[in-house]
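Taken in sequence, the protein lines are chains A, B, C and D. Oh and the first sequence: position 155 is 157 in the numbering used here, straight run, nothing missing. Oh and the second sequence: position 67 is 817 in the numbering used here, straight run, nothing missing. Oh and the third sequence: position 150 is 158 in the numbering used here, straight run, nothing missing. Oh and the fourth sequence: position 34 is 37 in the numbering used here, straight run, nothing missing.
Please keep in mind that the hints were generated in silico from the structure rather than gathered at the bench. If you're wondering where the values come from, they're calculated on a predicted model, not measured in any experiment. One thing to keep in mind: the hints can contain errors.
Cβ pair distances, simulated, as ranges [stated by the list, open to error]:
#1 V226/C - V402/A: 27 to 33 angstroms
#2 A97/D - T627/C: 21 to 27 angstroms
#3 K87/A - S78/C: 39 to 45 angstroms
Capping the alpha-carbon separation at 27 angstroms, the derived lysine-lysine pairs in DSSO-like fashion look like this [as the list claims (entries may be wrong)]:
#4 K353/A - K42/C
#5 K389/C - K552/C
#6 K857/B - K105/D
To give a feel for the contact side, a few chain D residues facing chain C, derived at Cβ under 8 angstroms [what the hints assert, rightly or not]:
#7 I26
#8 R94
#9 K108
Quick reminder that beta carbons are idealized off the backbone N, C-alpha and C, glycines included.
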Amino acid sequence: MNTIIYTSVLGFICMVAEILNLRKVIIPVAVIGLAAILGLTVMEWGTTATHFNDMVRTDNFSVAFGSLAIIITGLVIALSSDYYKNEQNHISDYMAIIVFTLVGGLVLLSYSNMAMLFLGIEILSISLYVMAGSRKYNTSSNEAGLKYFLMGSFASGFLLFGIALIYGVTGSFHLEAINTYLASATAVSPLFYLGVLMLLVAILFKVSAAPFHFWSPDVYEGSPALITALMATLVKVVMFGAFYRLFSTAFGNLGGYTNWLIALVAALTMVVGNLTALQQVNVKRLLAFSGIAHAGYLLLGILSITTDATSALFYYSAAYALATIAAFAVAIPVFQSAGSELVSAFNGLGKRKPFMAAMLTMALISLAGIPPFAGFLAKYYIFSEAMANGFFALLLIAIVSSIIGVYYYFKLILAMYTQPTDESVDVKFPTVYVVVAVLCVLLSLALGLYPNPVIQLF
Amino acid sequence: MYSVIAMIVCFFSIAGHYVLLNAQFLAIVHIIVYAGAIMVLFLFVVMLLNLNQEPDKSHGKLLRVAAAISGGMLFLVLLLSLNTSETGTFVLPEKSDIGMVQHVGKKLFNEYVLPFEISSVLLLSAIIGSVVLAKKEA
Amino acid sequence: MNDQITNSSLLTILSILIPVFPLVGFLINGLLGKRVPEPISGWIGSIAVLASFVCAATIFFTLPATESLSFNLFNWIAYANLNISFGFLIDPLTITMLLVITGIGFLIHLYSISYMHGDEGFTRFFTYLNLFIFFMLLLVMGNNYLVMFIGWEGVGLCSYLLIGFWFKEHENNNAAKKAFIMNRVGDLGFLLGMFALLMLFGTLDYAAVAQAVQGYPVNHGLIVGITLLLFIGAMGKSAQIPLYTWLPDAMAGPTPVSALIHAATMVTAGIYMIARSNVLFAMAPATLDVILIVGVATCVMAAIIGLMQNDIKKVLAYSTVSQLGLMFVALGLGAFSSGMFHVVTHAFFKALLFLGSGSVIHALHGEQDIRKMGGLGKYIKITFITFIIGSLAISGIPPFAGFFSKDEILAKTFEHSPAIWIIVSLSSALTAFYMFRLVYITFSGNYRGTEETRSKIHESPALITIPLIILAILSIIGGFMGLPAITGLTHAFSTYLSSVTGASAGILPEAHHLSHATEYVLIGVAVLAAIVSILIARYMYVTKGQLPANSDAELNGVQKLVSNKFYVDEVYNAVFVKPVVKLSALIYEYVDKLLVDNVVNGVAKVTDLSGRTLRLVQTGSTTFYLLAMVCGIVILFVIRLLI
Amino acid sequence: MENALVSVPHNWYLLLSSLLFCIGVMGVLFRRNVIVILMCIELMLNSVNLLLVSFSAYAQNADGQVFVFFVMVVAAAEVAVGLALIVSIYRNVASTDIDSMKKLKW
């Protein structure tokens, strides 16, 4: 709870800094502030508390996922110092919105009432609609913002309809009250199931699971690269946290009613994500499809509600987010210097900048799920989760699609190491990008080599 | 332009339903927010962009048929699942004051104070966003 | 007692150090990059591997063959009721592989310092090479399948990077991609096998799996399934039908890479894996039969294709595939130690041959087509002599190393079935033929290149020749560690491995041993066949100075020329040469290029196509997306509510 | 007045809001003008409001009405951001046709 308050205050500070003519210090202040908030959050580990008539709860789940979300946002903000160096007059607006996005995310990780779920999703989404369209004079950015906005609000309609139906049946927005209804009702009303399905659809939309994934490649491609990084990591992690929270508390007694559907969607998502990614030439699109595919794998973690599944989901989220941020930290300067976001912009990077190319390679290897990086064990954990639940056909699809997936990550690696260099383009990696990339890769490696502290968290 | 007017009519009739459902305060708020603020905003943008001359084009035939079918299917599905429910036995209580200001206000500022506060973050974010997006740069 | 404890803790430290050295070398070279001057980075890499070799050798001499050392470094994955540690297992099988990897690895590193001299990617090359050694060491040292899998994936990655090392040529990229895809198919098998093992036994530890599997009946369906899956993994990595075509293409990489990865070490990983799981495989004789069939088929087919190749490295590549097939034949017969023995001797002479071919290519400044060589024996004597030694070894001429290991496998096949013995012997004779065809075309006769290039031919520097000489010596004496039974002496190698392979020996049915007389006859026939093949090669390519046709049009001309000579020639041509040449061309064209390539490419194409189609769904129209969303919702509702 | 609705079964309200919701959905799918689409989305949200209020009224539970406030807040915020986006786009492409925004695909 405190985390949410502090973060809101930080966002407010970012906003008013402009009035006080403190633009230069916004980013350092935001990063340091987030670090302090991270410290405070971690100290809450082990406590369980309800706040404000049980609107939000602090528990180990919210602390763990919340810390991850804060780390992700902190890294992205660190990158923004260079990314927005030519847009100083907007920097405080952008930073405030990004921090507010995090507020929405934190709400989503600790809610215990549907009202908070709804508001969390909306804070997160509205901030991102704005950020996606923030390159005002770029038609791609416009289009991305509009597409995201229209489809997101459309999905919000379904989310609300679902919430309304569940409220109508149970008479409450409170997650535990809903669960109590489920446990005590002799015959659950069909309206309730309809509500659950509507809610499920809206959340599947937000995590970009097929067939509700169409927005994400277009939006990822059109948005400013840094915001793409934020969407690919923070939104995905947070939405999966919210997803899991919803199904572990409110629908804990649903008795696997949705499992079959989720399994179906997961299979479709993995296949569509990986297959479509094969053909992509735009790196942001490629990462979008990779994100879709990863959403498919993460859905496997939702299928069961156990402490093991929680750990697996958390580990996977962390592995995915770290690798993706590392990839973007290398990719963004390349995009900027090449003026292109195509795979060909990476041609010969292995020769020009061997170190950063190596970082990107490692990040992609982690995403592809090859040891010794965290991505491999993450897949392993989440796959064994599916196995434990008896989804063997799903497991098979997951493994096959993950093997197809390796191919397109290597497309990028191949471009870096085997294509001739365009000598005229000189890529400069600002120090902060190097630091972020190295940090993420090292963390990813550390997690991969020694997963115990994280995997035994819950 | 006409659609905006039609929309306003629709909002007023929904407000009428609110009154019938004993949600008097909400009905007023609804009119103020929707008809008074949101639709004015719409009208304002329509005027600003000078859109009223432009005829509203339609999609291709295939897309329209597909849209009709899928929308119809959605309604059918909703209908089917609603029909099976047994909520028809509920009858509206004759007299109720739950929609009165004092009652709703108490709920809002006791139980739902946190969402109320948090929605300020949402509004703040939306304000900054709208300004950032709509402001003309020099 | 106390002494033993200190001894074993010393060994533990030593064995941990083995993979650490190459890792350190990799880190130094990788992090410093171009800041390290050229020869220094090469020496850093070489010395790192040498240090590992010294450690491995120390362990070899101190650890008795009957004992093994297994320890867990840390508790790696503790999750649900599953506990997988990151641990090493040091036993005779591991030590054998360790010595081969680090020993030959060191020689090849040394060789590369000179061979890669002046290449702009010099440091990068050694970085990859050290990384490869590191992963390969992990692969053989792990004490459970998951550690092995990490090494397995790692070497695949390094192989991929090294095949595409000279990335300027498009062909190399395709080769790298092909290798990668085929290996992934194999990896899929391995991964599924691993999951199945986990499901069935709840552990991935070698010892625990071997223990647990013995509670099942022989040929239990699940065990057969698991072993088949693991074998698919082995097929990918060790280039067996149908997943072998990547290996000849992999020759696009630098020659030391071909020698190290695609001949001596990585490709034998599949054999190591099966030998390591010998108890598991022994419980599934049905799988062993499959392995035997695949091995025989690969062995023969690759040997036939080898007859027609004109690229010096391609010939060696197909011979590697063929020899790997032979190793699988041994595994399929349950003769795990014989298979491993051939792994070791093959590592010696195939590394020698590859490095020799590298020296030839080096001397000719990159020429790889044997039709443009000839008479090189005069110019590059050391290479010539060592190459002949290697060829004699691979042909199975006593007392060279290949003779002993090949003979052992041949004897085993005869025990099993004389028909297989005939097929395998035939392929062995073909091996002798094409190897000497290569030798004669390359080294004897007159130089066929331009005068200008001839003047530049020179023997390679000492850093290249010294590894050649050492490997040549190993190829001569390497076989003596496994003397055939008829000599009455102990088979040192199989005795050494017996603590590992012994467990499976009890499970497999006892083979009836051959009488000494039969064995003499077998050896005699095999050697004779090899010598005759060599003589035929000599007759065709030295006495008559035949040359492989440059194109199809010339082939007819050459054959006309041949038919004008002796009548014997015609008969010989009609009965032997023509069919074989045809068959070889046919298999290469149809089976290799058409069938195998197309099946593999077909899978890739289908994936590709579906990717293309799916991509088109992304039309860019928001309305369409919304429509798709509504349809998805309706379908989900219908599924859940009405059905 | 107060007794007017007593005899109306709750199902009718469910039906009405579903119908409104589906009209909204179909409007979104049929129209090409982004502003109209946005209005249709508003209609969807309103149908949800109606649903919530009817549930709240029939069950004598004010939670639903409080929730409607939040929906209104969000709707207002969404409209503000959405219209800002539309204005910003109109400056670039001088159109509010959804099919004029098809650049990002494949």
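Status of the hints after comparison with the structure:
Distance hint for V226/C and V402/A: a CB-CB separation of about 31 angstroms, consistent with the stated range 27 to 33 angstroms. Our hint of 21 to 27 angstroms for A97/D and T627/C holds, since their Cβ atoms are close to 23 angstroms apart. With their beta carbons about 56 angstroms apart, K87/A and S78/C fall outside the hinted range of 39 to 45 angstroms. Between K353/A and K42/C the CA atoms are separated by roughly 10 angstroms; this keeps the pair inside 27 angstroms, and the hint holds.
Between K389/C and K552/C the alpha-carbon distance is near 23 angstroms, which keeps this suggested pair within the 27 angstroms criterion. Only pairs whose Cα atoms come within 27 angstroms are accepted, and K857/B paired with K105/D is rejected, the gap being roughly 46 angstroms. A cut of 8 angstroms between beta carbons decides the hint on I26/D: the least distance to chain C is about 13 angstroms, and the hint is violated. Given hint, R94/D at the interface with chain C, is violated; its Cβ is 19 angstroms from that chain's nearest Cβ, farther than 8 angstroms.
With 8 angstroms as the threshold, the beta carbon of K108/D comes within range of chain C, its nearest partner Cβ sitting at about 3 angstroms, so the hint holds.
The structure fails to meet hints 3, 6, 7, 8 from the earlier list, while all remaining hints are met.
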